[in-house]
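Q: Generate coordinates for the entire structure from the input sequences, incorporating the hints supplied.
So the sequences go chain by chain: A and B. Take the first sequence: its letters are residues 1 to 214, numbered as in our numbering. Take the second sequence: its letters are residues 215 to 349, numbered as in our numbering.
I should point out that these hints are in silico values taken from the structure, not numbers from a laboratory. By construction, the Cβ of each residue, glycine as well, lies at the ideal position given by its N, Cα and C atoms. Heads up, a few of these hints could be off.
[Unchecked claim] Now the stretches of chain B that chain A is said to cover, found in silico as 3 or more residues with beta-carbon under 8 Å:
id, stretch
1, 240-248
2, 333-339
[As the list claims (entries may be wrong)] Example chain B residues on the side facing chain A (calculated, C-beta under 10 Å, incomplete):
id, residue
3, F229
4, T232
5, R236
6, A296
7, N302
8, R327
9, R342
10, H344
11, P347
[To be verified] Okay, derived cross-link-like pairs now, BS3-like style, lysine-lysine, Cα gap no bigger than 27 Å in a straight line:
id, chain 1, residue 1, chain 2, residue 2
12, A, K188, A, K131
13, A, K131, B, K275
14, B, K331, A, K188
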Amino acid sequence: MSDHAYSAAELTEPRAIRPPTDPAKAADVAFDYDVDIGDNVPLRLSYYAVRVEPRIPSKWLRFHSRNLVRRKTARWTVDAYPQGSLALAAIVATEAPTLAESLALLDRVGELALEEGLDAPHEVASSTARKLLSDMHRVLPGLYDVCPEEGGGVTLSAPSARGTAFTVECDASGAVECVVVLPARMRKATYSDAQDLPDGFIREALEAVSPLAR
Amino acid sequence: MGEVRPDEGLWRSVFSGTQANRARRGTGNRTVAKAFQERDGVTELSVDRYDGLDLREGVRKGDRDAVGRSASGFYGWLVVPASAAEANGRRVVPSPTEENPYHADIVLAFTDRFGPKDHALALATASRWHERPSL
Chain A
1 MSDHAYSAAE
11 LTEPRAIRPP
21 TDPAKAADVA
31 FDYDVDIGDN
41 VPLRLSYYAV
51 RVEPRIPSKW
61 LRFHSRNLVR
71 RKTARWTVDA
81 YPQGSLALAA
91 IVATEAPTLA
101 ESLALLDRVG
111 ELALEEGLDA
121 PHEVASSTAR
131 KLLSDMHRVL
141 PGLYDVCPEE
151 GGGVTLSAPS
161 ARGTAFTVEC
171 DASGAVECVV
181 VLPARMRKAT
191 YSDAQDLPDG
201 FIREALEAVS
211 PLAR
Chain B
215 MGEVRPDEGL
225 WRSVFSGTQA
235 NRARRGTGNR
245 TVAKAFQERD
255 GVTELSVDRY
265 DGLDLREGVR
275 KGDRDAVGRS
285 ASGFYGWLVV
295 PASAAEANGR
305 RVVPSPTEEN
315 PYHADIVLAF
325 TDRFGPKDHA
335 LALATASRWH
345 ERPSL
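A: So this is what it looks like as structure tokens:
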């Protein structure tokens, strides 16, 4: 299985452009976009692509540069295209931090517990968290925060857009408590075990807080 | 300082390097939420009303409090808008003292559904990080 996860989100409305028809006159096309992906960004690298309608061979459109996600302008060079106007839209494809990176944090949660004067994470809580982390990462890739709790519990925090949060607390008995915070509302679900998780609540919560869904 | 305005920021001091490091990347997570959680039974969270003020006094107070708590240091603040602090049944009460005229409390409202951890997460999520300035 790949160690990386990719996801994509369209950042701009398609915009009509009229590229030059003279092969000698390539034109730069710059897109200004406004995207707030929050501080809790699960992204390490990002690449810009364009959605092009109608479909054209890629030789007519090439990247001027690859930009970091925080920049507000993406720029491409459009070569001569004999058939007139095109519609372009910026898409960001993101390489999320690896699942392995999140699992490594989980492996180190015992050290955090020691620093905070808490009990070492219970084996049941850790194994539940490990299973859920892998499952949730498939729904929403990114770096999950891992935090020790009193009584040997472990809490996972999903990558989330600014103003949102989703946490999953796994306790020593195998029970799981999920809390999702969205602007102006908060919801909670509790489970006696993780056997049937992730369920619809968790999947919906992950989609709702996803930095790329907003 | 009078009544708390809905758009006013309430400044919660952070004394944990782990929480500060995490808050610099984003506040919607359990690690940062711990900054808004007191020991069991405590229903009031101390905050300061520093909006628009020279922060030097706040830094000196933070540094003093860090020593008092035997904390590793004072790192900065999580600033939560009063409007968000008052959501989910919470209240904000100005509680100035002679020593600290800027003091206020966020009074938590525990229910069967939502407890201290949940309120802490909601407050952290609504907050933004403000780094301790150098004096």
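Q: Now tell me if each hint is right for this structure.
A: Do the hints match the structure? See the list:
1. 240-248: holds (count 8)
2. 333-339: Our answer is that it holds, as 4 residues pass the Cβ test (under 8 Å) against chain A, meeting three.
3. F229: Result: violated, 12 Å to nearest chain A Cβ.
4. T232: Constraint on T232/B satisfied, holds at 7 Å.
5. R236: It holds, given that the least Cβ distance between R236/B and chain A is near 7 Å, below 10 Å.
6. A296: Since the shortest Cβ distance to chain A is 14 Å, the answer is violated.
7. N302: With Cβ-Cβ at 6 Å, under 10 Å, it holds.
8. R327: Since chain A brings a Cβ to about 6 Å from R327/B, closer than 10 Å, the hint holds.
9. R342: 8 Å, holds
10. H344: Not OK, violated: H344/B not within 10 Å of chain A, min 13 Å.
11. P347: The hint is violated - P347/B has no Cβ within 10 Å of chain A, the shortest such distance being about 19 Å.
12. K188/A - K131/A: Holds. K188/A to K131/A sits at ~20 Å (cutoff 27 Å).
13. K131/A - K275/B: Measuring from Cα to Cα gives roughly 44 Å; hence the hint is violated.
14. K331/B - K188/A: 12 Å, holds
Against the hints set out earlier in the document, violations occur for numbers 3, 6, 10, 11 and 13.
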